[in-house]
Amino acid sequence: MITCIKCQASLVLSKSGMTKCLSCGAIMRVDLFPALFREPAPGPSGQNVVVENEASCFYHPGKRAVIPCTTCGRFLCALCDVDFNGRHLCPVCLETGRRKRRLKDLENHRTLYDTIALFLATVPMLFFWPVIVTAPMVVFLTIRYWNAPTSIIPRTKVRFVVALILAGLQIVGSSGAIYFAAVR
Amino acid sequence: MPKKAREYTRLPGRGRGFFRYNTLWLGKDYLLSINSKIFSEDYKRFYYGDIQAIVTRKTASGKILNILLGLLGGFFLLLAATSGKIELLPILGAPAALTLLLLLVNWWRGPTCACHLHTAVQTDKLPSLNRLRTVQEAMNRLRPLIEEAQGAITSDVRKAKVSEWHRAENLTSKIHRASPPMRHERGASHQILFYLLLLGGPIIGIDLLYNHTAFTFLGMLIGTGVGICVIIALVKQHKSDMTGTLRGITWGSLGFVCFSAIVGYIRYIVLLVENAGKNFGVVNNQWELIKMVSSRSVLDSSWLTGLYLFSILCCFAIGGSGLIALRAFRRRHHMPPVHTRKHPSGGNEACTT
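First to last, the sequence lines map onto chains A and B. Residues are numbered in the working numbering as their position in the first sequence, beginning at 1, plus a constant of 49. Residues are numbered in the working numbering as their position in the second sequence, beginning at 1, plus a constant of 174.
Calculated from the structure, these hints are not laboratory results. Any given hint could be a false lead.
[Unchecked claim] Derived DSSO-like pairs: lysine-lysine, alpha-carbon spacing no greater than 27 Å straight-line:
id	chain 1	residue 1	chain 2	residue 2
1	B	Lys211	A	Lys69
2	A	Lys153	B	Lys237
3	B	Lys232	A	Lys69
4	B	Lys232	B	Lys218
5	A	Lys153	B	Lys211
6	B	Lys237	A	Lys55
7	B	Lys299	B	Lys218
8	B	Lys211	B	Lys299
9	B	Lys202	A	Lys69
10	A	Lys55	B	Lys299
11	B	Lys413	A	Lys69
12	A	Lys153	B	Lys202
13	B	Lys335	A	Lys55
14	B	Lys218	A	Lys206
15	B	Lys211	A	Lys149
16	A	Lys55	B	Lys413
17	A	Lys149	B	Lys202
18	B	Lys333	A	Lys69
19	A	Lys55	B	Lys202
20	B	Lys237	B	Lys218
21	B	Lys237	A	Lys69
22	B	Lys202	A	Lys206
None of the values given here were measured: they were computed from a predicted structure.
Looking at chain B on its own, in the form it has when it is part of the complex (with noise of 0.2 Å):
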């Protein structure tokens, strides 16, 4: 009895969600999309006729991936060395080798990438085509199907259809540039975020050395001008005509306030927890909190050491660079810097000097 052809070939490849996972199959007339959840399927059809190109864009997660993979298995590997017990060390060592191998696989797997097919009237993402090297082996096995539903086209049909486009094209980039450029951005609130950060570096540097209230106070004052100046900066950076360099300060910026706040939240319930049996009303009292913090000196834990010399340094360079960042923007737009002075009615007014 001869064997049954098989109606659907499966091509390489998988998209993984939240509880689903997205596959691609080579159907006789058709590209089958099956969005796989756990109790049902939805099915998508591109029929090979109708596939007028597949567009494939490198993205960077697999290497964001890399980075924090490897980031995690180091820190689990200084964990396990500088534990100093023996006992510790297979606790310690599973989840880094663990980590690692994972890394490893992924690094393996190769580049990351999106992948969309166009249509006439659509263009859909393909969620298991995200990597490069699956991309090429679908590609291999899927263009001669297209190619032959499609039939061949002459050169001179393509070059006049591409010329027309490009026509086309020039003419929408007259548009562009008719229309108004992009908006002006002095960058004021930028300037005050970078100079908090200077400001910060020594604070925290005297808080870490010298244990008094008022530094503690002090410093978290200024981790809220920081706050809220990079959240007023990256909303009047959006769709400015800033550079890219300081538009990136200033999203460093932000993962710096980020990661400040949820260390210093961890930082406060740690402290919470071990004075739990001792003085329960300091959860209620802000003040006591800020009191009980101050007067635990940080050199006695050599994290928090490496935690505030870590702040130290984000806050130089963050700050720093920033303003230096700032500086060559303003220069190439001939701005000078903002500064503040004293209106004769009686408020402060914005000039330049």
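One chain only, chain A, in its complex shape (with noise of 0.2 Å):
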């Protein structure tokens, strides 16, 4: 059932798509999906082996296997099968592709390295002394970070190029100036 989004109330649906809250009078427009009006889906409970020799399920011996881990080859019954974008796993295998960053659809947090590497490369610049720290910074996080993945939506290394260039800039300036200080 939906309930209003400002005090909660269960809402009366209409065939409009407008409805009133009768609770609080707010007005809204409930855009409704098939997904609402179907009962949940019982999940997979496994069937027990009951033939001797028949293939069961590596983490529940007393489970019949049904399919292989893509990932691992190992028999999985129904409870251990995650079936994930078209792909079997088991959930070992499915942890470590989460841990190890291998299963893009499963991250849910991203550093933007190529984002700091700017930020680094252009802000210190309003106050100039700090370039002499941030500079080689940058131009660590560069290197050091250029291959890792950035933003989920894909966007070009034109950050990373930029920050380099800035940073290589700052480099070549301060030690110009450290130098022409020291000879003075």
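Two chains, two frames, a set of hints: combine them into the complex.
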């Protein structure tokens, strides 16, 4: 059942899509989809092994194997089989894939190293002297994280390139300034 | 070489926050919500097969922003018009033009809304869909994908499910009807608040025309009393059977109290800055401060005169309308007004006549 997003009272749904909450009077547009009207499908329980020497699940020896894991090849019962983007994975491979970032669709956080590098290459220029420290940091970040994944939305490496050029100029400029200050 | 297909397609709209923004992207089999901070991104996926409903509620924040921008723009325009100096025109005209431009942009973007996505186990806000027009555009692109993933459903199944919900809803409302009614509020604190406001009007009027410490002090006392009463009234009316009009007037009183407090504070700061070189000791002496305020004629400043007249108008308008609304509320509940009488034991007690 759909509830009012303002007062949490349950909404009386109409065909038109526009619904008025009987509790708080808020008028809402409600777009409904077939998933709302379907009963949730019962979860697989896994069949027990009935015949001797029948292939059984690697994790549940008492359950009948139904499919091998796409990654490691271990036999899996219906309980252990995780259908993920058309691939059948065992829980261990799923967890490993998530941890090692092999399964892109399971990632829920990414650090944008290219943005950090660009920030460090531009903002300290306003105060001049911090560039002595930040320019080498930018070079390190760019080299260290050149191949690291950035945003999940594909983007170019232009931020890294601009940051690297600016950092190079800053290093040359600050070295020159220090040299002239030392000579004088 | 064939062009590589794009993995994600951007949906219109962008939800802005403090150093963060939110965008929505259409993936192959899910809707991706990206919450971008300065140096990182957080992702949330809503699979097309799991989305049960998308609920959109129109909000007033766009209108409020329009009013605020309009007032601000009008204020700057008024300042520019009344300054009488040609050299000040660009200085005052530029913020006015900028504010009015922002007003136009906000008006053009259309009404604001809050959009929520429902699945079987969660209800999540979609911050990027914050305009009705954006929601419409996004839904036009999202609906075919969701319906393709979920397949069709027969109207019989749909009707049966809806009638089942309605039966459950009727049962719930019956239970609600059987539950005790909302707390009844007599409105004594509201009555005191509105009487104090009506009393405050003439006091401010006298203070405007006649400079005396006693009236300034009395005005301050009434102002403090109104502030305390409005807080008590707001607490008392919470989850009570009080009418919406009465509640609105009480909230209006709070707005007026806040406005008066801010204006009064600015006035004191200006006076202190003006007298900083002459009499610095006045900062630590409240009585001297009141005397200094009362010694200044309000009529000398057109701004202060305007503010005083506005305050008088507000006092009478809020106090008068509040008492009328309170009377109507009590008449509906057949409740006589509250009076205080001397109790034989010596204390005061509230009684009804």
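Hints and how they fare:
1. Only pairs whose Cα atoms come within 27 Å are accepted, and Lys211/B paired with Lys69/A is rejected, the gap being roughly 36 Å.
2. With a C-alpha separation of about 41 Å, the suggested pair Lys153/A and Lys237/B falls outside the 27 Å cut-off, and the hint is violated.
3. Taking the CA atoms of Lys232/B and Lys69/A, the gap is about 12 Å. The hint holds against a cut of 27 Å.
4. At most 27 Å may separate the alpha-carbon atoms for a hinted pair to count; Lys232/B and Lys218/B meet this at roughly 24 Å.
5. Restraint check: the Cα-Cα separation between Lys153/A and Lys211/B comes to about 20 Å, which is no more than 27 Å; the hinted pair holds.
6. With a CA separation close to 18 Å, the supplied pair Lys237/B and Lys55/A stays within the 27 Å bound.
7. The suggested pairing of Lys299/B with Lys218/B holds, with an alpha-carbon distance near 11 Å, which does not exceed 27 Å.
8. For a cut-off of 27 Å, the pair hint linking Lys211/B to Lys299/B stands: about 17 Å separates their Cα positions.
9. A C-alpha spacing of about 34 Å is found between Lys202/B and Lys69/A, which places the hinted pair above 27 Å, so the restraint is violated.
10. A C-alpha spacing of about 12 Å is found between Lys55/A and Lys299/B, which places the hinted pair at or below 27 Å, so the restraint holds.
11. Pair hint Lys413/B plus Lys69/A holds up; C-alpha atoms about 22 Å apart against a cutoff of 27 Å.
12. Of the supplied pair hints, the one linking Lys153/A and Lys202/B holds, its CA atoms being roughly 13 Å apart against a limit of 27 Å.
13. Using a Cα cut-off of 27 Å, the hinted pair Lys335/B and Lys55/A holds, with the two alpha carbons roughly 24 Å apart.
14. Restraint check for Lys218/B and Lys206/A: the C-alpha separation of about 24 Å stays at or below 27 Å, so the hint holds.
15. At most 27 Å may separate the alpha-carbon atoms for a hinted pair to count; Lys211/B and Lys149/A meet this at roughly 23 Å.
16. In summary, the hint linking Lys55/A to Lys413/B is supported, as the alpha carbons are separated by about 16 Å, within the 27 Å threshold.
17. As the CA atoms of Lys149/A and Lys202/B are separated by approximately 23 Å, the hinted pair is consistent with the 27 Å bound.
18. Our distance criterion of 27 Å between C-alpha atoms is met by Lys333/B and Lys69/A, whose separation comes to about 19 Å.
19. Of the supplied pair hints, the one linking Lys55/A and Lys202/B is violated, its CA atoms being roughly 32 Å apart against a limit of 27 Å.
20. Of the pairs offered as hints, the one joining Lys237/B and Lys218/B is violated, with about 31 Å between alpha carbons and a cut-off of 27 Å exceeded.
21. Between Lys237/B and Lys69/A the CA atoms are separated by roughly 21 Å; this keeps the pair inside 27 Å, and the hint holds.
22. Between the alpha carbons of Lys202/B and Lys206/A the distance comes to roughly 25 Å, so the proposed pair stays at or under 27 Å and holds.
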